[in-house]
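Student: Read top to bottom, the protein sequences are chains A and B.
Its first residue numbered 1, the first sequence is counted upward by one per residue in the working numbering.
Its first residue numbered 1001, the second sequence is counted upward by one per residue in the working numbering.
Take the hints with a grain of salt, since some may be wrong.
Cut-off 25 Å, straight-line C-alpha distance, at most; resulting in silico cross-link-like pairs (BS3-like, lysine-lysine) [as the list claims (entries may be wrong)]:
{"#": "1", "chain 1": "A", "residue 1": "Lys185", "chain 2": "B", "residue 2": "Lys1436"}
{"#": "2", "chain 1": "B", "residue 1": "Lys1370", "chain 2": "A", "residue 2": "Lys149"}
{"#": "3", "chain 1": "B", "residue 1": "Lys1370", "chain 2": "B", "residue 2": "Lys1032"}
{"#": "4", "chain 1": "A", "residue 1": "Lys149", "chain 2": "A", "residue 2": "Lys111"}
Output of the computed footprint for chain A on chain B, the stretches with three or more beta carbons under 8 Å from beta carbons of chain A [to be verified]:
{"#": "5", "region": "1005-1012"}
{"#": "6", "region": "1315-1324"}
{"#": "7", "region": "1357-1365"}
{"#": "8", "region": "1437-1451"}
{"#": "9", "region": "1457-1470"}
Derived, one-sided and incomplete: chain A residues facing chain B with beta-carbon distance under 7 Å [as the list claims (entries may be wrong)]:
{"#": "10", "residue": "Cys41"}
{"#": "11", "residue": "Asn48"}
{"#": "12", "residue": "Lys185"}
{"#": "13", "residue": "Ala192"}
No wet-lab data here; the hints were simulated from the structure.
We put the beta carbon where it would ideally sit given N, CA and C, even for glycine.
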Amino acid sequence: MRVALFITCVNDTLFPDTGRATVRVLERLGHEVVFPLEQTCCGQMHANSGYQLEAVPLVRRFARVFGDPSYDAVVCPSGSCAAMVHDQYARLAELSGDEELARAVTAVAPKVHELSQFLVDVLGVEDVGAYFPHKVTYHPTCHSLRLLKVGDAPLRLLRNVRGLRLVELPEATTCCGFGGTFAVKNADTSTAMLTDKLRSVLDTGAEVCAAVDNSCLMHIGGGLSRQRTGVRTVHLAEILAGTE
Amino acid sequence: MSRPFPEAAREALENTQLRHNLRVATHTIRGKRNAVVSEVPDWEALRDQGARIKEAAMRHLDGHLEQLERSVTAAGGTVHWARDADEANATVARLVREAGSREAIKVKSLATDEIGLNEALAREGITAHETDLAELIVQLGHDRQSHILVPAIHRNRAEIRELFRRELPGTEDLTDEPAALAEAARRHLRERFLSVGVGISGANFAVAETGTVCVVESEGNGRMCTTLPRVLITVMGIEKVLPRFADLGVMLQLLPRSSTGERMNPYTSLWTGVTPGDGPEAFHLVLLDAGRTNVLADPIGRQALHCIRCSACLNVCPVYERTGGHAYESTYPGPIGAILTPQLQGLAAAPTLPWASSLCGACYEVCPVKIDIPSVLVHLRGRVVREAKGDGWRARVAGERLAMEAMARVFASRRRYEAAQRAARAGAWPLSRGGKIERRLPGPLAGWTQARDLPVPGASFRDWWRRERA
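From just these sequences and the hints, can you work out the full model?
Tutor: Take a look at the structure:
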């Protein structure tokens, strides 16, 4: 398959390793990966902060960049940004009153997949030949779980990683408290939620907390680092990219 | 305008007793709900049905309300229309006076809390006695309710024992056993049930085709209020109307499982007008608008009116669990309050509530009538940004608007986006140590760095791609 990588602005800028890992996993499985350099941001921050009208040009840009018919799929190492396309693009196109945009969005959205969903549900692959000799706990991020409904796709992938010991996270489906601008606008509540998530992570005794969203991991990891816990956060793609 | 949510939340978060009480209570009730919902094989179909019933009720609300008026009148009741809180309060006060009473007993009702009925009656020299145990606790403590269903969820039994010993005569030896506390409340309340001639209730549902009003409760005190007094006054938001009697069959399956986590609640009272020789001699139904028809005008926001006040969204909300209900400074707290209050009272009255959510979606998952709360929150954020006026708010939004517009320009061009990545790298580097920022930053990132380290941008992914692949 010819796969276009939708990296997301957060990964592009702050977590390039996740992008490289995604490329490595997809190429290892025999797919051609292309990276359209014209991509920037999907517009989620604007849309969720109340600046829907300002998000519309970003929706248009996304539809143009990823609407290239030569792409068989658009794969994204972020549940939240993939969910943005599926959950909000149609409504934003409607808000703009631009029917052509609405058509373009309807055409591109079905091709957009979060990485774990693409691997398990589209490609039917659960073992990507990875090796990661660590004790890992998995935090299901809210948007991957409740908007994209990735289900246990990430866990199936993790269970097939050689050397990896998966430990269950208590109260896993409770939000970590990130929530985009919520983390700064309601910093105290966000921190209270984070504190409980950190306790759950530490209770597992895991060395690594994994997820499919680096934004949530930046929040969880920022707390783990501030408290000098020694526990790391690692994106699922980077675990899947590791080999012996 | 109420206090901004972040400010009110900070105060609540500092109260460790409150946070402990809330955590225990919400987790207990969540567990009970999960158990009784998972045993219903067609729960999702039932939710769909509930959503459809409420949608149908709202679509022809005017017709259903007029039918309700005809049905109630035909059954011997009287219907009063109230445009706002003042009209409703004045009507109730007049009805109590006309009944020759200076007192009324009340079954727990959110609508009357919303319009401040007790305070309005007090100004008219009428005492309203709350009879729901939790409402009684709130009233005796001169406190505010903090949960739709469990108004005193922020109190534990030791605190309640102290309150009763202070406020109720003859309770010096009271223990904090739940049974003993309930017994003390019962003794206090029975006297009132038997002596007060006017009852005031809310309504969970009212059926247009029959004129039947329905109150769902756990204690039986509500039934005392609706059957013992000579005169019964029910105050009901207009959105509570159901078209058909059969609709109750769906709602009464959804409501108790979602709210108390019970298969069926202990007391479900249904009455239709008056019946000579049985129950009240006079029945008055006050239909309250108070902003509801305005909400109907918003095609995305109006689903908030579908709410059946089960409070499942509060119990699963990670924000509510930490802050409790008082931080919302509204009769309706939690996720539903965050979308209902700004719509009922106007965006300027509660402009920060739509942001009191991490958009995790847990509320939508449990809502028995499938209100897409996260989508409405996002929609209302947009409305606040575009419409909210008023001094403080406008100033607050102005800086953010500039930043958002600047970001939009950056993301609109590859050249500017890449330049911004380079600028971020250059700007962050002097602050970083060992690949992260550990110090507390000023400005908009202060909230982040108060408790979290921040990663520092290095070479971007696209730098690598261009070097290695392009």
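Student: Of the hints given before, which are not true for this structure?
Tutor: Result: no hint breaks.
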